[in-house]
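Chains as they are written, first to last, in the numbering used here: chain F, 1 to 223; chain P, 224 to 872; chain X, 873 to 1121.
Keep in mind the hints are simulated off the structure, nothing from the lab. All values reported here derive from a predicted model rather than from experimental measurement. All C-beta atoms in this analysis are idealised placements derived from N, C-alpha and C, irrespective of residue type, glycine included. There is no bait here: all hints are sound.
Partner residues aside, some chain F positions facing chain X, computed with beta carbon under 7 Å:
#: 1; residue: Ser9
#: 2; residue: Val10
#: 3; residue: Leu86
#: 4; residue: Ala93
#: 5; residue: His100
#: 6; residue: Lys102
#: 7; residue: Ala108
#: 8; residue: Thr109
#: 9; residue: Ser179
#: 10; residue: Gln182
#: 11; residue: Thr183
#: 12; residue: Gly185
#: 13; residue: Arg189
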Amino acid sequence: MARTLWDSSVGKKTVMAVSGVIMLLYLVAHMIGNLKIYFGAGEFNHYAHWLRTVGEPFMHYEWTLWLIRIVLVVAVVAHATSAYQLSRRDIKARPSKYVHKKPRASYATRTMRWGGVILGLFIVWHLLDLTTGTVHSGGFQEGHPYQNVVDTFSTWYGDVIYIVAMLALGLHIRHGFWSAAQTLGVGSRSRDRALKTLANVLALLLTAGFIAVPVGVMTGVVS
Amino acid sequence: MSTYADYTTGAPVTDTKAPTGPIHERWDKRRFEAKLVNPANRRKHTVIVVGTGLAGGSAGATLAEQGYHVVQFCYQDSPRRAHSIAAQGGINAAKNYRNDGDSIHRLFYDTVKGGDFRARESNVHRLAQISVEIIDQCVAQGVPFAREYGGLLDTRSFGGVQVSRTFYARGQTGQQLLLGAYQALSRQIAAGNVEMHPRTEMLDLIVVDGRARGIVARDLVTGRIATYFADAVVLASGGYGNVFYLSTNAMNSNATAVWRAHRRGAYFANPCFTQIHPTCIPRTGDHQSKLTLMSESLRNDGRIWVPKAQGDNRPPNEIPEDERDYYLERIYPSFGNLVPRDIASRAAKNVCDEGRGVGPGGQGVYLDFADAIRRMGRKAVEAKYGNLFDMYQRITDEDPYEVPMRIYPAVHYTMGGLWVDYDLQTTIPGLFAIGEANFSDHGANRLGASALMQGLADGYFVLPATINDYLARNPHQEPVTEQHPVVQEVLAETEDRINLLLAVDGDRTPDSFHRELGELMWEFCGMARSDTGLRKALERIPQIREEFWRRIKVPGTGEEFNQSLEKANRIVDYLELAELMCLDALHRDESCGGHFREESQTPDGEAARKDDAFAYAAAWEFTGTGEAPVLHKEDLVFEYVHPTQRSYA
Amino acid sequence: MKLTLRVWRQKNADAEGAMSTYEVDDISPDMSFLEMLDVLNEQLILSGEEPVAFDHDCREGICGACSLVINGDAHGPERTTTCQLHMRSFRDGDTIDIEPWRASAFPVIKDLVVDRSAFDRIIQAGGYVTAPTGSAPEAHATPVPKADADFAFEHAECIGCGACVAACPNGAAMLFTSAKVNHLNVLPQGAPERETRVLDMVAQMDAEGFGGCTLTGECATACPKGIPLVSITSMNKEWLRATRKAGKR
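From just these sequences and the hints, can you work out the full model?
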């Protein structure tokens, strides 16, 4: 079955849809966690620490977190690999363009492809910035996420990168969520409107929720 | 005396295969008497099928299912595009699901009567018997016929009959039936039992030792002319309505396959029997390339009328009720708007000739749905005819919900075709003709929804049963190769013709000749024919032919995709066929079905048939271009349906 | 009307193509688009040039042969086939770009003519019900709920023109394939081959080199027969169902 899935364009789309949904669920949790920043350094840092101790005493320190990380890495890799392979197939299937240009024809595809690339680059930066601290502006302090976040969003480029990425995320989810529903065969004529609305709401909530953090820092509500 | 080639009368032609005995037992009897080919030996036999419409598609699929090796051809890029796809209305079958008194015998009776007593009883009865199996077969293939809420099949009544026996799939019945046959054929192509050659056009027939053994065909993409050999050849290449240039046929439908077979010895029967369909969209100008049919089912609810006064130019909605002439309801009160096609067409011509036609050039009559909309509501009309109304609006830019449609007759179907016996075999042994390509079942006029029935009956059921007999009786035919002198000769003739077309390099386009011929045929061999008119046409056609070979211009070469060359080559054959059509029309000095001779009318202007002199099928033998052909008569015997003057009043 | 046409000319499959410009005059708004091209071709033949090759046959919107991209739209600005498009949709003095379907699975044969045999092979892979002639049960033996019959019909309307592929930025044939899968899979007659049909047809579609679906919806917008985008969703569902079932066997 795995072979059938991976060998078929429809199967690869299924891989994309499932991995996309996994990432989407993660993002919802991530966003809710992020909003704790509005309740001060204590609560935010406590939350961050809790992430490492979830599941104890059954799980060892950080096991749950690593489990989540592994699932996410698998999801990202599967999503990106299928996306890359499918895009190559698509481009090969339509090598010559029409002389008469029509911009609308490729809007959704372009958004998804370039949006996906932007998000991929963003994830790398985001991890290097706030997980490993490699490219963090100012001194990165292990175990002090509140301060690290404030530091990042106190630079103009930190804000720009983040906000641009979150807008791309919104657009990506808007088409991606609805598209995943179609790929997984849960769309229907009667459900289409509801699915589109849900996609829009999710996209809007996530974008707004994530952007709330840099906005909080920029406006001084979070400092 | 006129300059046209006259004809001579030869020995009568008889159908040696038709069994005798009670009519309802004949088909069983023939099937039992027919020899069978051992299933293990079938794959050793190759059968060529030309055409992939309802008849060809279903025959190819079924022969392959039986185990024969089928080599099939179509000029289209895919077998799915054959023009059967455009049939709208439906398919008749004597299922009697409505319990309205229908039966096999009634369908048989209606078809013989509708054909104005110029069809063979045995064939028609077989057709009616098989009609029932066709519906079963198509449903099993997944053809999405219209259904009622209980999940059972819906039917409707159709022009010229009083029972509801027409099965349909909205206005796209032909499409759905053809896709069913195409899918069955596709299954056989995938299984390797059918070798399909799309974009390949048959240009000649190869007859060796008196038997059909193959064809010459041109690959329309590369231009390569090649030969293909077989133990039998089946022509399912459709009708020849495009002789008229403007018709409801597809642009590339053509007569080359049947005409070339005729030239090689197959008799051509009743060429003048053409059907002019009453409900087509009128032409708008000289640019017109083809005519579009509006399904006859529209006549079930639409009312046909013209103004009572000549030259009444008021918009239709401003013409009061008492100044309208619902002429079909007036002249034929019991059938009204549902009279057979030939009668409806001629009536339209008559009112237009009287100067009461409507629309540009006065060549049109109204088909009005105002009453139907009042009675059934717009919604119901939309559900029933929505796609047809949309099509009409797209073409004419007029809204038929608001303004009555304008319709006018147009050439639609050719009842004539290659003469075949009960086995559907032509006068060349091993050459079979099925579907519209043969002449058999419709007599002088075809009833609505019967073309699909005949095409599928021939292809699914008749030919696969009868061709066995031929192959079983000729099990070991000498293999033919391209080196055979006869093959070399046919090949050389074909190549010479193509080369000559390219060499003339004149100053007239293929279309200009086709249009000229078409106009001539429409005027003199169309809805009404007369001695003087036909003689005029017979004088003119050889002149056009001569001019054609002097002035035709075909750009490009023969070794490439060349649509002008395809066209020109088809016109060569039209220019000969047209002459035979006129000659046949001239010799048949009676009015019957689609053939109306002005000299042969009743005092009140209805068609007068002459059963004493013309109760035969006219099978013509070719003797040379412009030479007098030989007429062979097949006498028609009516044991079950006794000829009466058709009365639809 | 007077029009400027920019038409894709390509001698054969191997030749390079380019747009050529022509003028046509005296075009009536009542003409169909193809009749307008007929006028151009008559003009070209008489001036000793090769006429523009294009596929067409029934000219009543049902055979699916005609296949032109007009001003970037498959079948032009109206939702119909090229043959049913009329010149009244254009204005006097317009410049019109005419190109062939573009997809690597549809190679150009000449000018505006492309090879769509890939569609036939998709049908051959499973777009049928195995019902050899003579084997059919009585038609009324299996009633089909009207809703299912209507659903089947709606998808069976596909004319196989390929506008969906031409319009798709990925050159995908999902709408075409899904139309046939849905037509047959919803019917009781199609049920025995329900799983193999969708798996084999999708596999063939991939093998022909069509692209994948990114649900841009361009296919459904271009479809002259109004096959809806949600067809693709239904096919995906069928495909996943079939894959699951195949995995269990």
